[in-house]
Every structure is written in structure tokens, then in C-alpha cells.
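K.L.:
Those protein sequence lines, which keep their order, are chains P and Z.
Numbering (the numbering used here) for the first sequence: 1 to 293.
Numbering (the numbering used here) for the second sequence: 294 to 482.
Careful: at least some of the hints might be erroneous.
What the hints assert, rightly or not - Heads up, simulated DSSO-like pairs for lysine-lysine below, C-alpha to C-alpha not over 30 Å straight-line: (1) P/Lys71 to P/Lys245; (2) Z/Lys298 to P/Lys121; (3) P/Lys262 to P/Lys245; (4) Z/Lys298 to P/Lys262.
Derived by calculation from the structure, the hints in this document are not laboratory data.
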Amino acid sequence: MDKSTYKAKVGLAEMLKGGVIMDVMNVEEARIAEDAGATAVMALERIPALIRRDGGVARASDPEMIQAIQKAVSIPVMAKVRIGHFVEARILEAMEVDFIDESEVLTPADEDFHIDKWGYKVPFVCGCTNLGEALRRIGEGAAMLRTKGEAGTGNIVEAVRHLRTLRDSIRRLGTLGREQLMTEAKHLGAPFDEVLYVAEHGRLRVPNFAAGGIATPADAALCMALGAQAVFVGSGIFMSNEPLKRAKAVVQATTYWEDAKKLVEISTGIGEPMKGIEMEKLSEDQRLSKRGW
Amino acid sequence: MTKSKPVGVLALQGGYAAHESSLRRLGLDVILVRYAADLDTIGGLVFPGGESTTHLKIISREGLRGPLDRFARSGAPILTTCAGTILAARTVSDPEQDSFGWLDIDVSRNAWGRQVHSFEAFADGTDIPLTFIRAPRITRVGPDVSTLLTFEGEPIMVQQGAITAATFHPELGSDIRIHQQLFGGDIDA
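My request is simple: use the sequences and hints to build the entire structure.
P.N.:
Here it is, written out as C-alpha cells:
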């Protein structure tokens, strides 16, 4: 028996496809998420919109709160660590969290280095804004990727940009001759093996989900249509006025994203979405997607 | 199964893409099943892994319970994996939840433990590779159910009538013998 192999890690990401992973801040919200049909919950003390509002250093969550959520639900429980904070990651591993998100939403602990994720039994998910970044994270051992989007804004524009950028770059690699790939790897700042894999298979080695700014069922469906294989919803659910209704609707929209008639029904009677922020209103240093490299 | 009909893969959530690719490698036509009407067009069905609670919720909201039940009792070949097996079982524990009861087995959810305990191995006495992901365990096998594969002596793939249920993931990886045995197609397609 070989435990915690890379295949078993990526396998869990495969099983999360077509589903919705929801940010939750307590047991009650975790139960609402499970009830709505979430495939997993992300346990964190403050959802991104509140981190933006409150400021200060955002760190990994209190173990007690994460453990209470682990006890309360039967679906996988994920939690976030600061970029480069390999000790927070060891703590979450010791708690047997199902997935660790090395996340730009928290305040980075290291401005140069991400965590070496190969050395952990728990799979990692990391954010990306483009292909080079995605392949660097895979090179470090990530078993799943997600777009960074712009968390806590309720604005889908950055997630769309990241999904399109990724899709275009993956297609482009498929058009290059083999002799061009090493130079391409140099330009991307990406491991050559991963560049070869993408050129040959037309996709990343691990699933890629959408995150950052999803506030409506239509946002989730848009991300699926742009090639995301599942969605994370952070602030979009619990900053809205009818979290359970909205959560259920996002779950339905992620499965039936191609069916516009059904999306009408799904999007009806679910209350008000979170207010949201335009990108121009954010200064450079308020942009979480700029964190990490 | 009727050779001319495609194989359906229930695609509400979960490991549907990996099953689709295993079936396509056998040269089989595949339909991703999301609506009751899709069931009329297929000759066999894969009920994939994923989250069983999510599946239960979507199945009930979309009115798929009756149609899936009818399909399962039609005698067409069905493969259930992991969460699919949880839904096909007679009784589910840890926690208790609703299920279709197509197979006379009892299943305990996530009984190998959380993700850090997920593992790869081989089925007893065979070279069939196994990947277990937060997998359930079959805790009781009824008299009309045959055990096809075991791991360390316990049942991991069982069959009753046309329904075959695995607690592991035959769709993850390159071995497509189990799909071929159940749905036909050509291993070298």
C-alpha cells in the first residue's frame, strides 16, 4: 500500500470536478454549504471580502475552528496557509485537512519562495494568473490549480482574464514545434517537463478550477464555459442576503452551465448578490492576485 | 448491452471526465448524462465517484431518482465507483444517508480515513491497480452478491446482476480492463 501518492492527490482533485467549493467561517456555514451540495468547504476565519474590509495580517485559521468544521461535515475540508509558510502547512497536515490552499488571500510569509509541496501527504491547490505560474506551482508539487481572480471583490473580470490567458497559452504551446519548447519554457519561467506535457496533451497535468470574484450562478457557468473544471466561491455566498438559496443555485449552475433555459430558473428568486468592487477602485497594493510569482 | 448504444457517464459532479476518457480509449461512444431523457439513449451507465452528498442533492432536485432507478432495474450494465457505490448500496453509515439500494451491501463512508490516508495498491492475487480516495468500505455483502476483487481480504469490487460496484477508481490511470469487461470495446482501440 502506497499512501498519499501524487496520483491519489490529483485523484481527489478529479473527484471535485463539476462541483463547488465554498468558503465558510464556522460550523453553521459549513452545514449550509454541505446542505446546498458543496463538494468541499474551505475553512477560514475571515472570507476575502472581510479581510479586505478589516485589513491587518491574514494568517492560517485557528485549529479549533477548523477541527469543529471537520467534525460537523462529511465532505472534504480544505484550509489556507500563507504563501511560503511551510509550518502552517505542517500544522494543517497534522490535522489531516483534506487539501491545503497556499493562498494569496492571506498575507504572504515569504516574498521569494512558495512551499515545496512534494514533501507533504496532503495535496495542495495554488492560485495562478497565467501558464508560467501554473506550471511553476505544478513543478513544486501542487495537485490542483485555481485562478487567482480577484478574491473578495464579487467581480469576475480577473478570473475571466486568468482563464482566458491560461487557455490561450495552452493552445499556443500545441502549435509550437518541439525545437521551440525549451525557449518557450525559458520565457514562461516554467519547468521544461511540464511545458512538454502541455504541448503533448493540450492540457495541464492537474485539474484547474476557477476562483476569485464568483458572485452569481451565471458567473459560475461563465467560468465553466471558459474551461474551468469546477469553481471556488469565497465571499459570494455568505456576503449575499440569502446564502443557502444562492449556494444551491451556484451548485446547479456549475452542473448545468450549458443550459441557458435552466440558468434562468436557477438564477430566479435567490435574493441580492454581494455588492462588489470595480477593479479601478483597487490600488495596486490592494490587488491580491499580484501576490506570489 | 446493445452494441449500437453509447455508454452513459453520469456527469452531475465528480470523476466523470476520467471515466469518459477510459471509455473513449476503448473506442466506445460516450454520452455525459445530466437529464432523465439522456438515459433513453444509452446502453450502459457509469455512476462515478465524487461527493455522494452532492450527488444525492442534485439527483433529488432534478427529479432523476425515478429515472435512474428504472434504468438500474432494466438489466443494462452499470459500473459504480466510490461515491457511486455508496449511492448504490442498501445501507450507508458514517453518517447514515439515503441510497438507491440496488446492491445488497452495506457501506461505510470515508472508512479508510481522510485524504492523507488515500492510497494506491493492487487487488489481492492480481495485477489490477487500485486507487482509493477517501474511499468507502463494504462492511456487509449479501448472499446474492458476488465478490469480484478483494484487497487484504476485504471486498472492494462486487457484482449483483448487471450492477458492478467498486470502492476504488478504475478510471484513474491507464488500465482500462475493468471498463472493457463491462462495456466491451477494444483494449487496443
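K.L.:
When you check the alpha-carbon spacing of Z/Lys298 and P/Lys121, does it fall within 30 Å?
P.N.:
42 Å, violated
K.L.:
Given the hint that P/Lys71 pairs with P/Lys245, does the C-alpha gap stay at or below 30 Å?
P.N.:
Status holds; Cα separation ~24 Å.
K.L.:
Straight-line Cα separation of Z/Lys298 and P/Lys262 no greater than 30 Å?
P.N.:
27 Å, holds
K.L.:
With the threshold set at 30 Å, check whether the alpha-carbon distance from P/Lys262 to P/Lys245 stays at or below it.
P.N.:
Roughly 15 Å separates the two Cα atoms, so the pair holds.
In terms of the numbered hints stated before, the structure departs from hint 2 and from no other.
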